[in-house]
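Number of protein chains: 2
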Amino acid sequence: MLTVIGIGPGSEAMMTQEAVAALKAADIVVGYKTYTHLVKPLVGDKEIIKTGMCKEIERCQTAIELAEQGKNVAVVCSGDAGIYGMAGLILELVSQQKRNVEVRLVAGVTASTACAALLGAPLMHDFCHISLSDLLTPWEVIEKRVQAAAEADFVVCFYNPRSRGREAHLARAFALMAPWKPAETPVGVVKAAERKHEEKWLTTFGAMDFSRVDMRSLVIVGNQSTYIRDGLMITPRGYKL
Amino acid sequence: MLTVIGIGPGSEAMMTQEAVAALKAADIVVGYKTYTHLVKPLVGDKEIIKTGMCKEIERCQTAIELAEQGKNVAVVCSGDAGIYGMAGLILELVSQQKRNVEVRLVAGVTASTACAALLGAPLMHDFCHISLSDLLTPWEVIEKRVQAAAEADFVVCFYNPRSRGREAHLARAFALMAPWKPAETPVGVVKAAERKHEEKWLTTFGAMDFSRVDMRSLVIVGNQSTYIRDGLMITPRGYKL
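As they're listed, the protein sequences go chains A and B.
According to UniProt numbering, the first sequence is numbered sequentially starting from 1.
According to UniProt numbering, the second sequence is numbered sequentially starting from 1.
What the hints contain is simulated information worked out from the structure, not anything from laboratory work.
Be a bit skeptical, because a hint or two may be false.
One copy or any two copies: either way a pair holds, since identical chains are not told apart in the list.
Here are the computed lysine-lysine pairs in the BS3-like style, where the Cα-Cα straight-line distance is at most 30 Å [what the hints assert, rightly or not]:
| hint | residue 1 | residue 2 |
| --- | --- | --- |
| 1 | Lys144 | Lys40 |
| 2 | Lys98 | Lys196 |
| 3 | Lys24 | Lys40 |
| 4 | Lys196 | Lys24 |
| 5 | Lys144 | Lys240 |
| 6 | Lys196 | Lys55 |
| 7 | Lys200 | Lys50 |
| 8 | Lys33 | Lys191 |
| 9 | Lys24 | Lys240 |
| 10 | Lys191 | Lys71 |
| 11 | Lys144 | Lys71 |
| 12 | Lys33 | Lys98 |
| 13 | Lys240 | Lys98 |
| 14 | Lys200 | Lys33 |
| 15 | Lys33 | Lys144 |
| 16 | Lys196 | Lys144 |
| 17 | Lys98 | Lys144 |
| 18 | Lys144 | Lys46 |
| 19 | Lys50 | Lys40 |
| 20 | Lys50 | Lys240 |
All values reported here derive from a predicted model rather than from experimental measurement.
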């Protein structure tokens with residue numbers, strides 16, 4: 001059995017009960033080292049196989065092989081395993097290689113949702129998730145989505161907004177959105193949500209300081225109705241109050 | 001204290017540990033009757049205030065008043081409270097009316113994430129949430145977003161896809177997307193996810209049977225790379241396999 005578990009943003013409190021139960025039932029836990037570290041208190045003395053960044057295929061392959069040998073393997077991902085996580089890769093490999101492994105997916109609280117609750121209620125209306133990493137996606141595809149999202153007035157959540165080697169991506173995305181996002185549009189940033197050294201702040205589209213954003217950050221850009229009041233970022237659902 | 005709790009799709013297993021703890025700590029639970037019913041086993045003998053559909057403002061107002069009187073009030077929403085839920089309305093009312101109430105938001109697993117895990121891994125690449133209810137949003141705004149999402153090749157999750165009085169909305173949305181979504185594009189539907197009578201099925205954009213979809217359903221339309229294999233809907237993240 002191979003269980004792919006979304007552990008939520010980082011705190012044990014934000015894990016689902018199913019995720020906790022699945023972790024406790026596992027023989028072996030496999031994951032990126034930051035995530036295996038986060039679940040360490042729940043995992044106890046179980047075997048942990050941790051790998052570094054950009055080792056996704058090897059990591060999933062190892063997990064599949066162990067599961068095929070009869071182990072109860074848990075693959076841990078931050079947030080939800082089905083959103084920029086390992087769920088898809090596991091299913092692709094199992095299916096392509098015709099592996100005899102039962103895969104179970106355990107959904108989790110994804111970063112946008114967790115960060116929104118820390119900022120107020122910015123996702124109360126239609127929104128998009130866009131990853132600004134072009135490791136696996138051509139930059140032109142990302143550009144097109146950023147522009148379309150801004151033009152159609154979606155709230156936009158940027159995953160992987162800025163990292164080493166991709167310092168300029170977020171600024172480029174903002175430049176692409178500028179024709180449709182007025183300078184006063186609220187923007188919320190959460191760094192390391194629900195983890196040690198969590199930080200969050202509100203700013204505006206025009207005053208955005210890109211240098212404060214890193215790869216552990218999530219950036220939420222409001223729509224035309226989003227406002228900031230009492231230190232909270234709120235996108236109205238549309239009720240007449 | 002007023003805690004706005006996303007209870008996830010419906011099963012207790014999919015609630016976060018924080019949500020369970022917050023529910024147990026509450027004096028009074030307020031919510032739409034379907035949702036208060038879902039959490040009944042956790043709530044025990046506590047006072048429950050349940051209201052019908054379209055009573056959102058009254059429901060939130062009641063919760064705010066009880067909290068201001070010193071009660072520990074939990075407002076329950078399905079999925080995540082910050083996604084088409086009550087978090088925004090509560091914050092708007094508290095702030096507008098300058099209420100002396102501390103509001104705490106507890107994020108939950110939203111429908112798209114939960115349904116994706118039931119269908120495979122359809123949300124592994126950039127995606128949008130669009131609600132097809134025009135009760136609170138002009139239909140032209142919805143149309144614009146549907147077209148933009150299709151044109152930029154987002155995976156699209158439709159919330160409130162079809163309900164009494166809005167039987168044609170989903171078909172209209174599909175017609176708007178048709179220029180960019182080939183007939184063979186995979187579509188996944190989950191009805192009553194994680195609840196009694198849960199149903200799910202995979203189909204294609206061209207073969208979609210709208211009549212099977214109701215207001216408890218979530219519809220996920222794939223992007224250009226999404227495929228169906230071994231009964232699973234998978235959107236590749238882009239790894240070279």
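Next item on the list: Tell me, please, which holds for Lys98 and Lys196 at an alpha-carbon limit of 30 Å: within, between, both or neither?
Entry: The answer is neither: 41 Å in one copy and 32 Å across copies each exceed 30 Å.
Note to self: At most 30 Å between CA atoms: does that hold for Lys200 and Lys50 within a copy, between copies, both, or neither?
What the structure shows: Answer is within; shortest intra-copy Cα gap is 29 Å, inter-copy 35 Å.
Next item on the list: At 30 Å max between alpha carbons, let me know whether Lys144 reaches Lys40 within a copy, between copies, both or neither.
Entry: Neither way: Lys144 and Lys40 sit 40 Å apart in one copy and 46 Å across, limit 30 Å.
Next item on the list: Could you place Lys98 and Lys144 in one of the four classes (within, between, both, neither) given a Cα distance threshold of 30 Å?
Entry: neither (35 Å within a copy, 42 Å between copies)
Item checked: Copy assignment of Lys191 with Lys71, given that the CA separation must stay at most 30 Å -> Neither: 35 Å inside a chain and 33 Å across chains, both beyond 30 Å.
Check: Is the C-alpha distance from Lys196 to Lys24 at most 30 Å within one copy, between copies, in both cases, or in neither?
Finding: Result: close both inside a copy and across copies, 23 Å intra and 27 Å inter.
Check: Is it within, between, both or neither when you check Lys33 against Lys144 at 30 Å Cα-Cα?
Finding: neither (33 Å within a copy, 42 Å between copies)
Notebook entry, point to check: Taking 30 Å as the upper bound on the Cα-Cα distance, should Lys33 and Lys98 be classified as within, between, both, or neither?
Noted result: Within one copy only: 28 Å inside a chain, 45 Å across chains, cut-off 30 Å.
Check: Given a CA cutoff of 30 Å, do Lys144 and Lys46 count as a within-copy pair, a between-copy pair, both, or neither?
Finding: neither (45 Å within a copy, 51 Å between copies)
Next item on the list: Indicate which option fits the pair Lys196, Lys55 if close means a Cα-Cα distance not exceeding 30 Å: within, between, both or neither.
Entry: Within one copy, since 25 Å is at most 30 Å while 40 Å is not.
Margin query: For Lys144 and Lys240, with the copy left unspecified, which applies at a CA distance of at most 30 Å: within, between, both, or neither?
Written below: Between copies only: 23 Å across, 34 Å inside.
Item checked: Within, between, both or neither: Lys50, Lys240 at alpha-carbon 30 Å -> between (51 Å within a copy, 22 Å between copies)
Against the hints set out earlier in the document, violations occur for numbers 1, 2, 9, 10, 11, 15, 16, 17, 18.
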